[in-house]
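Letter by letter, the chains look like this.
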Amino acid sequence: MLKTFSSKVYAKFTSSWLHLLKSTVPALSEWGIREEEVYRALSPLIKFSLLFTLLPLMVLWPFDAILGLTLSLALFYPSIKLPSLYVVNKILRPMLIAERYSPFIINELIIAFTASGSLHRAVAFVAEGDYPHISQCFKEILRRTEEGIDLERLLLQYAKNAPPTIGEFLLHFIKAPVEHRFSASELQHKVWEVYLEDIKRLRLNILVLFSMGFLLPVPIIAALLIRGTSYLVPLIVPLHTLLLSLTVKTSLRGRVIPLG
Amino acid sequence: MRPVDKVALFFSFLASVCVFMAIYGYVHGAAVAIVVATTLQPFLYLFLCLLHRTERIMSRAEDLSELEFFMSMVAAKLRLGLSIEAAFHEACLEYRGRLKELLENVDRKLMEGLPLSLALSGLSRSLRSREARRLLMLAPRLTEYSSKKAGVNLYRLVTMLRRNRKLKDRLWKALRAEDLKVKLLSIIYAAVLASLAHLARLLGELVGFSRPLDMLFTFLPLAFMSIVTPFYATLIVQGEKPLLRSITSLSVFLAFYVLLYAIV
Chain A
35 MLKTFSSKVY AKFTSSWLHL LKSTVPALSE WGIREEEVYR ALSPLIKFSL
85 LFTLLPLMVL WPFDAILGLT LSLALFYPSI KLPSLYVVNK ILRPMLIAER
135 YSPFIINELI IAFTASGSLH RAVAFVAEGD YPHISQCFKE ILRRTEEGID
185 LERLLLQYAK NAPPTIGEFL LHFIKAPVEH RFSASELQHK VWEVYLEDIK
235 RLRLNILVLF SMGFLLPVPI IAALLIRGTS YLVPLIVPLH TLLLSLTVKT
285 SLRGRVIPLG
Chain B
36 MRPVDKVALF FSFLASVCVF MAIYGYVHGA AVAIVVATTL QPFLYLFLCL
86 LHRTERIMSR AEDLSELEFF MSMVAAKLRL GLSIEAAFHE ACLEYRGRLK
136 ELLENVDRKL MEGLPLSLAL SGLSRSLRSR EARRLLMLAP RLTEYSSKKA
186 GVNLYRLVTM LRRNRKLKDR LWKALRAEDL KVKLLSIIYA AVLASLAHLA
236 RLLGELVGFS RPLDMLFTFL PLAFMSIVTP FYATLIVQGE KPLLRSITSL
286 SVFLAFYVLL YAIV
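Residue numbers (our numbering), protein chains in the order written: chain A, 35 to 294; chain B, 36 to 299.
No lab work stands behind these hints: they were computed from the structure.
Computed from a predicted model, the values in this text were never measured in an experiment.
Ideal Cβ placement from N, Cα and C applies to all residues, glycine included.
Hints are all accurate, no fakes.
Here are some chain B residues pointing at chain A (derived, C-beta under 7 Å):
id	residue
1	F46
2	A57
3	L83
4	L86
5	M172
6	L173
7	R191
8	R198
9	E213
10	A235
11	L238
12	F259
13	T264
14	A268
15	L270
Here are the computed lysine to any residue pairs in the SDA-like style, where the Cα-Cα straight-line distance is at most 20 Å:
id	chain 1	residue 1	chain 2	residue 2
16	B	K208	A	V228
17	B	K203	A	R134
18	B	K201	A	E227
19	A	K42	A	H53
So that you can see chain A by itself, here it is in the shape it has in the complex (with noise of 0.2 Å):
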């Protein structure tokens, strides 16, 4: 009876408190996301925005339960506004990503349908691409098709929830793939424009990890050695090649090469 009632207070505490973490999510309808994605992302962090949030207070109660308490309410909103972070990285950057690179992808799009006068050429053609997002959604309509369902039906339901630029194309391309209202010219003006703004930030990254990989541990160095914690300095290694590791690895993520 009391274990019932127990998990019964659980389930509707945890349940309120992953509607709170919820409700600082930002509305990503605009995108196609339901609501259902977001809090099916969110469940599995309702233990860590938890025990984020109640530790200091368990941990101190006995000792101090004031400063406890004031740990408690000070680490209440990270806790559930990391999670919101995180799940808005999850699920929208993919989403940004391939609204960033909608013009190669509706380039690609137009031009495999002229060459192969074929929507299922053109589409398989553009899941084998490696777009963000995109190819992996592709490749899920083409293996649907596979079970008889119709292509441009699914291309349709795909376009609701599609990013903007993409969802709209569909939307055209499918009911007259060759009156599109992209021109070449624009496209690939559109294509220029992503593709120099990669160039600049690829600049910036670059220079951001110049500057920590050459500068930075210099007067770190210099500062362990004249305060004659050399001992130190061995420690540096594995954080500086983590820490390189790291960026070279976000600052290389979901870039878009196209065809050519």
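Starting from the known structure of chain A, arrange chain B on it as the hints suggest.
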């Protein structure tokens, strides 16, 4: 099973040696230092493996540019009204590039009456570039059009590839410019680290800590740094042979240290 990431293994080993030195320097207990360093190494290796799993954002798809050149020749022949087989054969005769042998094989199969899709599948398997294989996905459908229309469509495809190649060249040049900076910085960096190692030795002598082991504990991490940083800097600018850069940087470090040692 994934192959061993030799760089991750090497760097994790260097990092573990450094962890050993730091702990040994602080607590003067070799056993504790060995246990911690050896425990940490697999974790460091796994973590680095995970982070090293980055694809090159630029790769010179030579197969693709060769194929693009050949396709433009086929497109020109098709626009003249030749059949796909004849256009392919004529283009093959004129083509002098790296893919000649592979394309002649396709031509032979076409002459034997094999459909284009089947003839191209062998070529697709032989090409290294994934992009080139992707391009070949579209070619078989061209046979369904009239020669002239197929020629126009193929020409459009080739034009898109050329435009994209111009974009890629621009990015490639930007990266090459940064790569030059990395080369220069790697040498300066190694020299600065060697100076620091030498300064540490002088400071040690000044305050009376000039045991060889103390010297080694600052010299080795600085030497390791001269290996690690140029490697990642080369990776981010998509430079060639990052490990070679690391070795060059280490050589500069050692040479500069010896030079300073001889002078001061």
